[in-house]
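Trainee: Now for the letters of each chain:
Protein chains: 2
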Amino acid sequence: MAFEKVKRSENYSEWYNNLVKNADLAEHSAVKGCMVIKPYGYAIWEKMQQALDKMFKETGHSNAYFPLFVPKNLFEKEEKNAEGFAKECAVVTHYRLKNDPDNPGKLIVDPNSKLEEELIVRPTSEAIIWNTYKNWIQSYRDLPILLNQWANVVRWEMRTRLFLRTAEFLWQEGHTAHATKEEALAETKQMLDVYAKFAEGFMAVPVIRGVKSENERFAGADDTYCIEGMMQDGKALQMGTSHFLGQNFAKAFDVKFQDKNSKLEYVWATSWGVSTRLMGALIMVHSDDEGLVLPPALAPIHVVIVPVFRTDEELNQVTETALAIKKDLEKLGLTVKYDNRDTQKPGFKFAEWELKGVPVRIALGPRDLQNGVAEVARRDTKTKESVPLNGLAAHIHGMMETIQSALYEKALAYRTAKTWEVNTWEEFVDVIENREGFALAHWDGTGETEEKIKEMTKATIRCIPFDAKEETGACILSGKPSSKRVVFAKAY
Amino acid sequence: MAFEKVKRSENYSEWYNNLVKNADLAEHSAVKGCMVIKPYGYAIWEKMQQALDKMFKETGHSNAYFPLFVPKNLFEKEEKNAEGFAKECAVVTHYRLKNDPDNPGKLIVDPNSKLEEELIVRPTSEAIIWNTYKNWIQSYRDLPILLNQWANVVRWEMRTRLFLRTAEFLWQEGHTAHATKEEALAETKQMLDVYAKFAEGFMAVPVIRGVKSENERFAGADDTYCIEGMMQDGKALQMGTSHFLGQNFAKAFDVKFQDKNSKLEYVWATSWGVSTRLMGALIMVHSDDEGLVLPPALAPIHVVIVPVFRTDEELNQVTETALAIKKDLEKLGLTVKYDNRDTQKPGFKFAEWELKGVPVRIALGPRDLQNGVAEVARRDTKTKESVPLNGLAAHIHGMMETIQSALYEKALAYRTAKTWEVNTWEEFVDVIENREGFALAHWDGTGETEEKIKEMTKATIRCIPFDAKEETGACILSGKPSSKRVVFAKAY
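Heads up: the protein sequence lines correspond to chains L and B, in order.
Residue numbers are given in the working numbering: position 115 of the first sequence equals residue 115, and the series is strictly consecutive.
Residue numbers are given in the working numbering: position 405 of the second sequence equals residue 405, and the series is strictly consecutive.
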């Protein structure tokens with residue numbers, strides 16, 4: 001393999017970049033800040049999309065599609081939202097190119113094609129969608145509206161990292177409209193739960209559910225709920241957000257409805273999204289120095305079968321059994337790759353599929369056939385065992401659940417070990433700077449203190465956990481009274 | 001229903017616009033030329049995507065994702081391609097907004113955020129993809145590359161129509177790279193066949209497969225294959241194209257590979273795409289004055305069950321049976337809607353589901369229960385029959401295939417009836433201007449004649465059919481010799 005190995009323990013950031021590149025997940029493109037998602041990376045994203053889309057539909061949502069562009073006058077209507085995104089907007093100003101009179105074969109922007117009004121490439125779609133909802137909503141009978149959109153968005157970023165922070169990324173954005181505050185709040189909570197269930201059930205990543213501090217809130221929201229995961233360097237990654245938008249967009253776009261008593265009221269809103277950033281989380285939580293480690297629920301290939309042979313005759317023997325195993329596994333719903341390339345040796349193939357994170361590898365040679373067994377290796381634990389061919393498929397099918405749980409438990413144990421309740425500033429700094437993990441600490445609830453802590457340590461409040469217990473305490477910085485601990489960490 | 005009916009026979013174009021709007025398929029947005037695809041329309045598009053995606057994967061393709069933007073210097077590299085799209089490009093020139101000092105609360109483009117190089121919003125992705133393939137291809141071992149991308153693209157259009165011609169549209173674009181010309185040609189043909197199979201098998205739209213004349217070729221292609229369908233006004237609609245790109249992009253982006261004899265060669269390319277335009281074709285081919293008519297293979301809802309009742313007790317009785325029928329139908333893989341709204345009468349519901357094109361409607365009342373039957377109505381033929389409850393699900397399941405075939409046969413019969421072999425200019429003009437259909441005519445093979453005919457009649461050469469038989473003839477305009485007939489028609 002041409003895989004230059006970088007150890008997590010030596011340089012986590014380089015390890016990540018190397019892995020994304022070498023496992024053929026994504027790469028930088030010729031467009032500054034934009035990535036190419038390669039087929040293997042995209043196959044994982046498709047698995048994520050399918051699982052999420054199913055969950056959205058099961059909770060009553062439909063998909064729709066709204067324009068890529070937002071006219072400037074709509075973009076600026078919800079002021080906080082506009083202010084929050086104004087500094088990272090790609091702006092379309094012209095609609096035509098023409099031949100460059102000075103450079104044959106080259107093109108220049110045709111100055112006569114200047115748009116009367118600039119178009120913003122959507123960084124998020126609240127503005128264009130609420131401008132549309134205005135025409136869809138007259139009465140309480142038109143509510144709720146429960147829509148989702150799978151789309152690309154653009155937020156101009158100067159410092160980018162594949163999957164984690166790119167100028168263009170893929171995501172889904174749910175946008176719902178409700179008759180009551182209670183219903184909108186319930187929706188906000190429901191969708192955060194969907195995200196948490198997806199993160200824990202499919203990605204095998206334990207998450208903390210909570211609410212953002214005012215400083216970290218989505219621009220235009222009354223409240224932002226989030227799920228936060230811990231990466232293997234102890235840093236936090238925000239994996240999904242669900243926003244209670246109050247009546248802010250309804251007021252900005254003048255969206256009112258007649259309630260059952262014929263009274264005109266502003267509509268209540270939520271929005272919620274996860275993006276290709278989840279790919280970054282998936283990679284960073286489970287992978288190791290040999291490469292990617294994929295949870296079976298999201299692996300494009302569950303099992304790879306590698307034949308071990310010297311002669312063509314041996315290969316033929318092995319192939320017959322291998323294809324029978326493949327068929328049995330496929331019947332159980334697993335995706336199987338039979339890697340019978342004759343250009344590479346088994347050791348090379350083992351390393352390659354380890355790099356690609358395939359959960360289970362079967363090696364099969366003539367001696368195995370004689371003994372009626374196969375060598376079965378788990379990617380996550382790197383353990384190997386000899387398993388009788390009789391009953392092999394069922395055994396491997398069972399392993400998938402085992403691996404899925406083991407990955408979750410391992411990640412949970414790691415997070416538990418790297419999370420500390422701290423009560424003094426010294427303890428806090430020690431966790432953030434030396435132990436590198438989550439600090440559960442009292443905070444006085446002010447943005448000012450939060451900002452100071454960020455300046456001093458780079459740690460931010462990841463969230464105020466929903467399940468934080470009530471207790472009396474003193475803010476680690478100001479010493480002022482506090483009733484519950486919040487999660488502080490450095491974050492991606 | 002607030003459905004203002006417009007008859008196909010009176011104003012086909014208005015009938016179409018009305019239908020798209022009233023069946024909740026799509027609408028115009030606040031962004032000039034861009035549409036909002038509404039949930040019901042999007043659900044049909046999702047069905048199309050799923051079927052096509054499966055076919056792409058079965059023919060060995062994987063999905064990937066490339067950037068939305070194309071830097072100008074890459075865009076202009078393949079000159080014909082650049083020239084073909086230059087006049088309809090949305091151009092990003094800035095990456096930031098700032099507060100307007102003269103208008104509090106308003107934003108202006110920050111002049112300090114001007115990009116060094118303009119970015120084109122992709123009208124098609126050959127340029128950005130071939131610039132990427134350059135880094136992926138060194139040896140024949142790296143070939144073929146068989147990728148597809150589901151994406152949005154933008155082509156600035158002045159005169160737009162929902163689904164048929166919009167500034168932004170959704171599509172898939174396949175981009176493949178091959179070691180030999182033969183292989184690339186076979187791929188071009190294979191993907192056209194996939195499109196034809198999809199159009200005929202899923203959309204129930206018969207298509208003519210053929211090759212475009214040079215004038216109508218994709219900018220940058222050596223040959224463009226296409227499928228052409230006939231709409232109910234006799235006009236043609238190009239439903240999908242598959243391009244043999246020769247070595248044009250390989251040369252423009254300098255993509256060479258070492259063949260088995262270590263000789264450096266340029267790579268051969270294809271690209272192929274279908275878009276949300278197919279929604280327009282689907283609507284225009286099958287629908288009638290009552291609304292949409294959907295082929296079962298693409299219908300988001302296969303069966304609607306409407307209870308007929310006066311009292312709550314009657315409703316309860318009917319509901320029990322209706323839900324049992326629903327369950328039976330779902331077991332057979334059908335999607336069923338039980339419309340038990342108590343705010344609307346059965347007649348209103350019948351009209352609404354007719355408008356939405358649901359293939360089969362079941363009406364169920366107390367008397368039906370007594371008689372052990374249900375009233376089953378076909379959307380396409382508007383025939384009704386009384387069907388015993390015993391065996392109802394199997395009967396309806398069978399109807400789906402019947403309807404699917406009937407729609408295809410009807411469309412084929414229509415096309416056959418509106419297609420004429422013509423041998424003189426007078427006959428030609430009569431078909432194009434009075435009879436409104438396809439004219440199979442001899443053509444001298446020159447772009448000049450083609451252009452003249454277009455100017456005189458607005459008819460274009462839709463394609464030179466693959467199955468056109470060899471015969472001696474004379475061009476309908478120039479009288480020059482010709483060896484086969486081509487398809488002329490007015491087109492969308």
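Please note: incorrect hints may appear among the correct ones.
Repeated chains share a single entry, so a pair holds when one copy, or any two copies, can fit it.
Straight-line Cα separation of at most 25 Å, BS3-like style, residue types lysine-lysine; simulated pairs [claimed, not checked]: (1) K326 with K80; (2) K7 with K349; (3) K452 with K349; (4) K57 with K327; (5) K98 with K114; (6) K181 with K77; (7) K256 with K106; (8) K410 with K326; (9) K458 with K331; (10) K80 with K98; (11) K345 with K87; (12) K251 with K5; (13) K134 with K480; (14) K263 with K235.
For the record, the hints were derived by calculation from the structure and aren't laboratory data.
These figures come from a predicted structure and were not determined experimentally.
Trainee: Would you list, in rising numerical order, the hints stated earlier that this structure does not obey?
Mentor: Failing hints, ascending: 1, 3, 8, 9, 11, 12, 13, 14.
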